[in-house]
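Following the hints, position chain B against chain A.
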Amino acid sequence: MAGLTEDPELGINDIKEETERNNKRIDKKVGVVAEESVQGEREMAPPAGGLIHRSGSRPQLDLSKAAIQGNFEERNPTILLPNQSDDISHLALDIGGSLIKLVYFSRHEDQSIRKKTVKERLGISNGNRRSYPILGGRLHFVKFETSKINDCLDFIYSKQLHRGGISKHPFNLDWVQRMDARWHSELPANENTVIKATGGGAYKFADLFKERLGVSLDKEDEMNCLVAGANFLLKAIRHEAFTHMEGHKEFVQIDHNELFPYLLVNVGSGVSMIKVDGDGKFQRVSGTNVGGGTYWGLGRLLTKCKSFDDLLELSQRGNNRTIDMLVGDIYGGMDYSKIGLSASTIASSFGKAISDNKELEDYRPEDISLSLLRMISYNIGQISYLNALLFGIKRIFFGGFFIRGHAYTMDTISFAVHFWSKGEAQAMFLRHEGFLGALGAFMSYEKHGLDDLMAHQLVERFPMGAPYTGGKIHGPPLGDLNEKISWMEKFLQKGTEITAPVPMAPPGTTGLGGFEVPSSKGGTLRSDASALNVGVLHLVPSLEVFPLLADPKTYEPNTIDLSDHSEFEYWFTVLSEHLQDLVDKAVASEGGTDDAKRRGDAFARAFSAHLARLLEEPAAYGKLGLANLLELREECLREFQFVDAYRSIKQRENEASLAVLPDLLIELDSMSEETRLLTLIEGVLAANIFDWGARACVDLYHKGTIIEIYRMSRNKMQRPWRVDDFDVFKERMLGSGDKKPPPHRRALLFVDNAGADVVLGMLPLARELLRRGTEVVLVANSLPALNDVTAMELPEIVAEAAKHCDILRRAAEAGGLLVDAMINTLDGYKENSSSVPLMVVENGCGSPCIDLRQVSSELAAAAKDADLIILEGMGRALHTNFNGRFKCDALKLAMVKNQRLAEKLINGNIYDCVCRYEPLR
Amino acid sequence: MDLGVGEVGTPGNSKPHQPSGQISHLALDIGGSLIKLVYFSTYDDVDDETGRSATESLSVYNGNKKYPALKGRLHFAKFETTKINDCLEFIQKNQLHLGGCQHLQSSPIDKTVIKATGGGAYKYADLFEEKLGICLDKEDEMDCLVAGANFLLKGIHQEAFTYMDGQKEFVQIDHNDLYPYLLVNIGSGVSMLKVDGDGKFERVSGTNVGGGTFWGLGRLLTNSKSFDELLELSHKGNNRVIDMLVGDIYGGMDYSKIGLSSTTIASSFGKAISDSKELADYRPEDIARSLLRMISNNIGQISYLNALRFGLKRIFFGGFFIRGHAYTMDTIAVAVHFWSKGEAKAMFLRHEGFLGASGAFRSYGKRGLDDLMLQLIQQFPFTASPAGDI
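In order, the protein sequences belong to chains A and B.
Residue 241 is where the first sequence starts when you use the working numbering, and the numbers rise one by one after that.
Residue 39 is where the second sequence starts when you use the working numbering, and the numbers rise one by one after that.
Same shape as in the complex, but just chain A:
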């Protein structure tokens, strides 16, 4: 948001002033924030309502014109802490034997200056909000090696994370009782900052923290933290849990109501097995002394590896058959099928080391590491399953440092659970597995408001730095954008390690049943290749589930599932090819300065790295659909401070389109109602050809003017379209014979591109609906994405269009979209204008696609009275939501500007049209 407002060209002065005030306040704090620091705060999570569209900045609006009923008593919810100076950033630590995990929280900047105009107009009610403030902000996850604890202390100090800790009175009785007596006696009388910490190191390093940072560590019980962390993640993050079988990762969404009981197996040095029955309700039911410490300890003795990660990496290239005695070794290559043992089943781990005359030096360390890994993983899986069985538990979640996102470890454990349970039980893993304890410690702060956060209020982002600091530690944390850019430049110099596309390991990486030798030998798979990236969690309490979804539980926004590898490869290619063009536009949008060029290069590198990472490990960022991939690109642009790469293009096209709009409206008004409706729909489809996001269309633009292309395109609209429900829609709109159906009460129009698409396509359609007495809400992006029109830009477009059209003018006035723009256009109709309103709301996102599980509260409120939604464009109607079902009539309009998608989705060709109407039954 802040970044946006810096744009001097963004039009409208009052917005600029308004937001600049915000901006100044924000800027004061820059420098104490996270890795993504400057751009982090700028980038702004879409949701928290950073963007106030134009209508919102007019408090002087006469509210009495509001035609929409609503509960006015409950408006104006305060979502964020009102006290701006109280810049809390909580920090919690999990100091383990090998890693220190930090979870810390940074506040979103103040969003409370929100204008309520539209909310009131729409009758927004947030009455279901809890009375305490839920913090909007970001949850960061960072790791350090325990041996480099000083780096960790520096990090905390540089970000002043310890300052935001909760202060406690030193003589608070509870607190004192929990203190170690010796430790307490050393407590300086005036020192009272307390940081929550867990893990053995919370004891060991307490003095160090005291000395270096002057903070006391408040030790939280390890298991409490583990369980609290796991419960939070499983409830709040949509695709936190996944299964991992034979190299294939699958994310599992778990119904909160069916979460408990589960078995939490924490594989640290040893293994604890905890039966979890609810929040704070758990019991350690079992464990084993054969755990990560055994793997590392024995592995070190046997292979002389210097680190746990080295040892794991070795195992990637191992062949355990040289050391393990297999069933086949005993039975001369045959299975012992009578009891269901295949020849490749390990009969005895290290059993071959018996009979050979070989000494330790004669075995490859790789083979030893793999044998050891399988022995231990298999054993853990088996004991876990047996315990789950005893307690009648279906789900087993495995976490702890031993797992560390290591594919083969997960496969082996999964295999063991599958094998012993005969497929009845499933091993699951958590994306944030290393952070359970730290997150739990964080949860132990009172009143952080996290307990009640729901999945739809969390958005995960993957800024550069995070993928690598989260998954593995690469150098010091990045201080600012400049450091980040230098870092990206360094990566290029370092060679192809990260930025070059890495060949994909063949499917079934670990072969049959986890008992085979990994087939991914050689250098293609790094030891952390399957480590999942942990992004920054943006907590956005104002996000809501779109209320008109027919079944939010089964709703899946993405039509294209990128876990299909060929599909991902295709999009990888498309995005890669389009990258240079995008960089050029982005750089141009920032004036083409050297700084912009440098940022552009960094962006290109960063996004290429993301793509390469995903090509290597498609599930690296969680469950990935096309929408997520496209959003990742937009986020990455924002990360490098490209606020709106298509700004000038959008502006140019808006102007050109608005210039021809009056002629089009005259043409339309000369038609009969029936012809007009068809022409309008044709117009929407035709205008949808103007799309900078579609490569095929970009080439077209060189061939003619906007109106020429528009008319040509519209004239080509030969019905029947590939998907053609127009007649059903027409009947609903116009009825048949004498039967005139009532107009819709309110229509939500999800608009797509700026320029001709919205001006010549959707706006005339909106006008028709208004003319028929239907309220119209234009739903547009909160943040720029490609050339999509934003909610901030729309009021200006509407105002301009309204200059030439009374219907639009009256409706826009009624909707509060116009004030000063219309001062000079007084005319006779003004007084008795009783038009239904035309409104604009932001959708809460900054992506060409839309995930309706996470929309702005304005949109959610606006949806309440809506009985028609119109989704327009490939991003919103095809790539996402094509299969979405709604609690009201829904019209999906798009021109397919991608051959592959056309074939796949509608069995058609490029430039085919989709007019899918799904009436509420």
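Derived from the structure by calculation, the hints contain no laboratory data.
Hints may contain errors.
What the hints assert, rightly or not - Sample of chain A residues facing chain B (criterion: CB under 10 Å; computed from the structure): (1) GLY527; (2) LEU541; (3) ILE586; (4) LYS592; (5) SER611; (6) LEU612; (7) MET615; (8) TYR618; (9) LEU629; (10) LEU630; (11) ILE633; (12) PRO960.
Glycine included, each C-beta is placed from N, C-alpha and C at the ideal position.
Using the frame of chain A, we list chain B on its own:
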């Protein structure tokens, strides 16, 4: 120390047993690491002196003249599988294979058939045929194990015993109350069988962390030359040097909240992580001890979990890994005790290494040996000390 014949019983006496009498049955259990032989020789031909010291043997007497094997000794012998040639030589030398039953009287063209079990019965079938001209009749391993265990538990007085804190206690089990029980056979790997009766059983579980793991890992870590040497080492070791105990993590304190005492092993070999020590800096004794505890404890735990799952009160542990080794039995017993909170008890068998071979031997069922042995062994108990150092 070699594991060959003559060293099972009393160490130091290496003169192999050379039965001069009629060998009537030979049965083999060819495992991944050991070959176990059970054979019967007629009583009157046995050189008492040698027999007692060289192999374990049971004297059998039967007045029933119907069978050839009426009176004699049941011998138990072991060889390392890697030294299978020694075994073949032993059989050859003692003409044990001529005592095979089925074609005893047949023409030389017909192959002698010997009952055999264990994976090696498949793997080495050709070798036996080539070297000794005998055909191995493969008996199912599990069948043999169970048959052997049932036979021993029912037939031999005080076959089973518990072991806790160095105290061995024999348990006489009522035949009628024997089933169901869990039979845990710890060979190279571990099989867990739920036994419901004669010939009625199911392999319910197992683990690949077994005797082979102990020996294999132990050999790599300590350069021990034999399984027994490794076991011997473990006697003198101290696992605290290498294992991470609960007390190591919690600064010497218990984690009493979850019932873990400070001496509980939190992570086997866990201390080998943090030290800058290399393998050579650890005493082989300590390594052997840690390894033994890790594996025994694990087997005890998985066994108990399975017993619990099927509601089985008794768990019998057998297989060569145990080998009558006190500390092994102790750790297994402790594991079962710990996890069952004292509810379940680990039991051991005196003839633990020979379950499979005994079962294979018993599969010469036509001869009516079952009843015979049952009837007689009780009258004529051991003439030689049993295997291992019990």
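Hints versus structure:
no.: 1; hint: GLY527; in the structure: 8 Å, holds
no.: 2; hint: LEU541; in the structure: 4 Å, holds
no.: 3; hint: ILE586; in the structure: 4 Å, holds
no.: 4; hint: LYS592; in the structure: 7 Å, holds
no.: 5; hint: SER611; in the structure: 9 Å, holds
no.: 6; hint: LEU612; in the structure: 9 Å, holds
no.: 7; hint: MET615; in the structure: 6 Å, holds
no.: 8; hint: TYR618; in the structure: 6 Å, holds
no.: 9; hint: LEU629; in the structure: 6 Å, holds
no.: 10; hint: LEU630; in the structure: 6 Å, holds
no.: 11; hint: ILE633; in the structure: 13 Å, violated
no.: 12; hint: PRO960; in the structure: 63 Å, violated
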